[in-house]
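Residue numbers (the working numbering), protein chains in the order written: chain P, 1 to 407; chain Y, 1001 to 1270.
Read the hints as simulated data drawn from the structure, not as lab findings. One should not assume that every hint holds.
A few chain P residues that face chain Y, going by a derived Cβ cut-off under 10 Å, partial list only [said to hold, decoys possible]:
1) V104
2) D137
3) R289
4) C290
5) C293
6) C303
7) D307
8) R309
9) G312
10) H333
11) H337
12) W343
13) Q351
14) A358
15) L398
16) T399
Predicted model, so just to flag it, every value in this text is computed and none were measured. C-beta: ideal position from N, C-alpha, C; glycine also.
Here's the letter readout for the chains.
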Amino acid sequence: MPSRESDIATPRLVIDVAGLQSLIDSLRGDGYRVVGPTVRDGAIVLAEMSDVAELPRGWADDQRPGGYRLTRREDGAFFGHSVSAATWKHHLFPPEVVSWQARVDTEGIHVEAPAAPARYALLGLRACDLAAIAVQDRVLMQTAHPDRDYAARRERALLIAVNCAAPSGSCFCTSMGTGPRATAGHDLALTELVGDGEGPARSAQVPAGAERNDAGAGHRFLVEVGSERGAAAISALRASPPSASDLDAAAAVWSSAAARVDRSLDTAGLPGLLMRNLEHPRWDLVAERCLSCANCTLVCPTCFCVDLREAGGLDPRHAEQHRVWASCFSVDHSQLHGGSMRWSARARYRQWMTHKLATWHEQFGTSGCVGCGRCITWCPAGIDITEEAAAIRATDGLTGPPTRARG
Amino acid sequence: MAPVAYRVTSRTRETEDTVTIGIVPVTESIPTPAAGQFCMLYAPRVGEVPISVSGVEASQSRLLHTIRAVGAVTKALCALDVGDVVGVRGPYGTAWGVEAAAGGDLLLVAGGIGLAPLRPVVHEVLRRRRRFRRVTLLVGARSPDEMVFRGEIASWQASARMEVRTTVDYATAAWKGDVGVVTTLIERLTIDPEVTVAMVCGPEVMMRFAAAGVMAQGVAPQRVLASLERTMQCGIRRCGHCQLGGLFICSEGPVLPWSRVAPLLARREL
């Protein structure tokens, strides 16, 4: 168990379930649209919310290659699930936005001032989700030509992480150095301590700063403050300082979550490994399974490819361009007038995986993969990026026709 | 990323499907492009495409773009009339770096509309001809009718300030140049490999043979520059379409040394 002394770098306090509701209420009062996990259509998705009752309380998820099922859990945890099916990219880098609009006439192109995007408080981000946002920050903001819409959304957003207690069978954040505990990028990070019953709202009973008896501690959240904006968001909440047992319980959540991540990806020399195996027969094998459906790119929290589409409508003087998610799995992604550069599924899977794990490093100085495992769960064929990388590593340098014998 | 408005001031038909438009700023202008760079041209209410700058008249902020009508946007751009408004973003991408070749020999190899991004190089060289030693331009096209800038090529030939050779795949009775692919002209040149910089632009297969031909005469692959083409929608490293291995062709390219692109182009469908 990690020493709690070594972790005391940021202000910490404890709130109960009523405190979480107060946080949501005060954020909404401050003009934030609060988005968090909720159950819909048999999956945990992200939606705007106003009440803790909308959280997926008592739900867990079973995720594995090509599979996703919700299951019940008995302890009434609000965040006892793994990563949501949808990503937070939907709110910071939405599937379709207006990149600009203008009136066009014989005197020129008169660009209209863009509308300010929504101000989101994102509640329930996992450590891998924070890492993915840091990757998108590099791609979309820390560049010579920042994406205006992303930068505006990002600047206005409040990021409230919840440390993972229940990683899924698809998770491999520990290999990517991105989790399961939120250590950077959050404004607030919560650790849910389910305790021994919901109990009365403790902070209502005990004045902030007072000594408490922790016997019979109820359902509560350790809150770690990661930024001034985070500190401001909780300044009006009734909270108490964490007790020794609160910190011990939180540390137990962190370490047991890390121990439960059992999928792994060996990242040692991975870019070089993949780029010297561009003709490996494994690409042919995976292409036989890959449907080129683009699910992996849709659920990937870092994929950033877009089309810029004209969407002017019927008014002959009105022009607008939309930025729309695109996927390297579609044939027309690389279409030139002579045809597609990547007409085979083999080439398109190879492009996606080598981009994530290899060329992203030379382009952006980081891996494009954060180990969230969504591409593994949501692949209808159950293709597992960690298994594909391991297979190439096991037969480094192999060329020639594919064989079905798997290493 | 909204475009800046320019107005079409000239329109020249080059071939049956290719037009050169001259444009000037309506009010705001973009920075002056360097030879080899491209702009995103916006046909209002149709869309944007990357088009190489085929001429710069910096004194008047006038830009030339040579466009082949192959899709919806390029057709709309080719259909623009003098006086029409067109949107411009840029300039983007890497330049040929003409200055780096000063003091030595320059070999330009163009296939088809690949002459368009090389044309500003010719203009720059002719403006300061004494800074270069031998300058050679090889131009190939499928047929005489499909050769762009024909009148200008003839004037370059007549001026005798540089060596210009033309070739076509399919000749007509009136054709006075060579017949055959442009790469065969390279074999007949005498190249001084230590001081030669080669700039190559055309279809990818043509650039492979041209680079191989130049390197066969001893020119180092770092001294062979090629201008690559990939799908681009943004021009600024964001849309992801133009990737070739780790390169964003819109920003690390389009002009790249052969030493850098050869290993990537050697992989099918990369």
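Should the hint that P/D137 touches chain Y count as held when the rule is a Cβ pair under 10 Å? This hint is violated: P/D137 lies away from chain Y, its Cβ roughly 13 Å from the closest one there, beyond 10 Å.
If you take the shortest Cβ to Cβ gap from P/A358 to chain Y, is it below 10 Å? Hint holds; P/A358 Cβ to chain Y Cβ min 8 Å, cut 10 Å.
Going by Cβ atoms only, is P/C293 closer than 10 Å to chain Y? violated, 18 Å
Does the CB of P/W343 sit less than 10 Å away from some CB of chain Y? Check passed: Cβ of P/W343 comes within 7 Å of chain Y, closer than 10 Å.
Per the CB criterion, is P/H333 less than 10 Å away from chain Y? holds, 6 Å
P/R289 was flagged as interface toward chain Y. Is the shortest Cβ-Cβ separation under 10 Å? This interface hint is violated because 18 Å lies over the 10 Å limit.
Status of the hint placing P/C303 at chain Y (closest C-beta pair under 10 Å): Hint on P/C303: holds, closest Cβ of chain Y at ~8 Å, below 10 Å.
Holds or violated: is there a CB of chain Y closer than 10 Å to the CB of P/C290? violated, 14 Å
Holds or violated: is there a CB of chain Y closer than 10 Å to the CB of P/G312? holds, 4 Å
Restraint check, 10 Å cut-off on beta carbons, for P/L398 near chain Y: It is violated, given that the least Cβ distance between P/L398 and chain Y is near 16 Å, above 10 Å.
Hint check: is the beta carbon of P/D307 less than 10 Å from a beta carbon of chain Y? holds, 6 Å
Does P/R309 pass the interface check with chain Y, least Cβ-Cβ distance below 10 Å? Check passed: Cβ of P/R309 comes within 8 Å of chain Y, closer than 10 Å.
In summary, the numbered hints that this structure violates are 2, 3, 4, 5, 15 and 16.
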